[in-house]
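> Chain residues, written in single-letter form:
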Amino acid sequence: MSDFKFKIPKHLEVPMGAVIPAPVKENPGMITGNWRTERPVIDHEACTLCLNCFIFCPDACWHLDEKTEKMMWNARYCKGCMICVNECPADCLTPQNELDFPKGVVRLDKPF
Amino acid sequence: MAKEVFYSGCAAAAYGAKFSRVEVISSYPIRPYTGIMMELSKLVANGDLDAEFVHGEGEHAQVSIAYGASAAGARAYTGSSGVGVTYAMECYSPAAGGRLPCQMAIADRALDPPGDFGSEHTDVMSARDQGWIMGWAETPQEVFDNTIMYYRIGEDPRVMLPQFCCQDGYFVSHIPGKVILPDQKAVDEYLPPYNNPHPLDPTRPVSHGPQIFPDQGPAIDLQRAQAFLDTPKVIAEAVKDFNKQFGRKYSPFVEEYMTDDADIAFFIMGGHARTARFAVNHLRKKGVKAGMVKLRFVRPWPTEAVAEALSKFKAVGTIETSTSYGGAMRGGNLIHEVRASLYDLPKRPAVTSFMAGLGGEVVTLNEFYEMAKILTEAAKSGKVKKGVYWLGFEPD
Amino acid sequence: MANPVKTQNLEHIKGIRKVPQEEYYVPGHRTCQGCGPALVYKLVSKATGPNSIFLGPTGCMYVANTSYLCSPWAYPWMHTQITNGGAVASGIEAAYQVLIRKGKYKGELPNIVVMAGDGGSIDIGLQAMSGMLYRGHDALFIMYDNESYANTGIQTSPATPYGANTTFTPPGKKIPEGKVLFPKDPPQMVIGSHPAVHYVATASVAYPVDLINKVRKALNYKGPAFLHLHAPCPKGWLFDAKKTVEIAKLAIQTGMWVNYEWEKGEYTYQHTPKEYKPVKEYMKLQKRFDHLTDAHIAKMQAFIDAKLKAPGKPIAVPVQGPREMA
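Keeping their order, the protein sequence lines are chains A, B and C. As numbered in this note's numbering, residues 678 to 789 make up the first sequence, in order. As numbered in this note's numbering, residues 2 to 397 make up the second sequence, in order. As numbered in this note's numbering, residues 9 to 334 make up the third sequence, in order.
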């Protein structure tokens, strides 16, 4: 019977049984905003708050801000699939190239 | 009050589970272990055991149900035999890697083809590298006791590993023997309720088993390897406490019989040890200094205890009730680990192996005498002629 | 099983406005752009709420969601083998039954949900799924159907439609149509032989509120339920990521997918078009069908026509006769 203990380097540690805490509001372990080549840009004037973008986004990147009554977009996680643009009945969403934005993800040395 | 009963190994396992207060049981029929589930289903049907009895749709499901229940925080019990054990193979590593300490009762059976009801250890020996605690019982009493002890060991926070609680099919599972049933209160004192530190519970959500980076693979393997390094200490404690609580005399890892002045020894596990004891008695009468060493745990393999027990002999024969086709010794499994355990000793016995008790064949006294003859010769010459003898099939 | 412990009544939602803003399948997962199954996961999670335990048999929704050592599920989640989602769920449900009965768990029985792909449901996972549904566990089995083994690189499954080009059914000179077999009918497999099941439904990401309500209805039933959810896969079916919902809608308009409920033996149909469009309109948007000839497409049309007219499955709108191939 030994008291021998292996040494596992910090960065390779895995919790016992690979059980990890659940995320709360977002999963910072997989930030996907830097996948994007285009982003959906909203025209709040034209938006009818139909909530199609909110309901159809696979990445849960659109939410209604109850206070401002405006749709809020999540730049950290939007992958740029453009389902929201395709499903918008008011035509208030347009895809725009990330290169058009001074802080577009493609311009960042370290996106997020 | 403790009471004495006359139980088969199957009934003993079932009552071991009952006294362990198992909460989820998953069944599927296959001989010979079926008797365990038949007994438990009666206990549940009569209200003598408050547990969910789930009819799995196969052994694969049985183990899945058991480790699922264990993940949710319930003490889970299942079992199987033969091809049933190998059918469930996929599920052993998730249970062990997830550190879910459910228990699986095994009553060994030869694998197909062709169909053979007989006992043979190859079924569950094939799963010995999946990260489960594993050992054999010799008598129904030991089956009963091991069932309770294994839960105590497996559920220890330093261990958290599932367990194969094994007995030989028919030789142990179907031959009744004396079993002392303890007080439930005494068992409750010995075996605390199962506590999963991270159960699947919506009030404290966790994720079980996400993908890992490939370079984290060795680390998670190592974690299990470390658990197996830590387990012997827990086994020693659990066996010591068990002996104290219930007045038994188990050695934790290997039991020695008539070994003090022995020149040759049988290294054996499971039900055939009973015959080996008689063989040793008879051999002693004939003036042969024979002894027996019985292995209680295959996983974790008690390397030091095996080395210590066997180093004093001149020759050792392992009784192989399982096959390792094409293995280093061309016979069974035990000899590989026995020889490895002895390799670093300055002085080691000659070691050979005997293929006996395959397919449910009885290992007879005569066969033990024949083994003794071969071992005596090896003891004299200091070396073995070959690493394996298939008893009854050797050319003259 | 024996004791009823779930007393919840998840609310029926009328319109998108009533859909909870809270996310339990949170942003941050490695699923593809426009992933149909991810959208299914999001909607199902909104329906169940946090008092839930999800089981994830191996598949895209395991691998892509948990790479690496992180997860997007705010409720408890556990990986299962692709083979045993139903069995692990059974064990968890049985554990909760006994723990609640013994007073060891104080809360209500959680919603236990298996989120299996088509392989984990009706191919390698069929036995465990059927076992769970047969035994009457109070758990929900969801088959998110992206019509292939997508995680491993789009191989054919029993849910892959006839004629699809997959990496195991490439069209060639000898086998021009790619996949030659027609798919299984999952809800009918369940309805046909699982007396413990009282509720089976199909739903699609094209109609998210309907999908949410069906999940809630399934969970409000005591005992097992089965949902078959259509989840278009841009990568596997080879269409532009933005068209996931559009494709799902077209599937319904062409009869390639039918939304219905089966409740205690009664069928009701939803979103049935006044007239079905030719299947070609659905197929032509997906490159997996690009290689098919008119004869192949006619074969597909005949299969769908027969399915829509199948006995025991009355539909609200009569199917038109054989249609002209555009």
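Where hints are given, some of them may not hold.
Computed list of lysine to aspartate or glutamate pairs in EDC-like fashion (alpha-carbon distance at most 16 Å, straight line) [claimed, not checked]:
| hint | chain 1 | residue 1 | chain 2 | residue 2 |
| --- | --- | --- | --- | --- |
| 1 | C | K110 | B | D222 |
| 2 | B | K234 | A | E746 |
| 3 | A | K684 | B | D202 |
| 4 | C | K112 | B | D202 |
Derived CB-CB ranges, DEER-like [unchecked claim]:
| hint | chain 1 | residue 1 | chain 2 | residue 2 | range |
| --- | --- | --- | --- | --- | --- |
| 5 | C | Y76 | A | T771 | 50 to 58 Å |
| 6 | A | P705 | C | K114 | 49 to 57 Å |
| 7 | A | T725 | C | N17 | 47 to 55 Å |
Beyond 10 Å from chain C on every Cβ pair, some chain A residues (computed) [what the hints assert, rightly or not]:
| hint | residue |
| --- | --- |
| 8 | M678 |
| 9 | N704 |
| 10 | C724 |
| 11 | R753 |
| 12 | P779 |
FYI, nobody ran anything at the bench for these hints, they're computed from the structure. No experiment lies behind these values; they were computed from the predicted model shown. Here a beta-carbon is modelled for each residue, glycine too, at the ideal position from N, C-alpha and C.
> Sort out which numbered hints this structure fails and list those numbers smallest first.
Of the numbered hints, 1, 2, 3, 5, 6, 7, 9, 11 do not hold.
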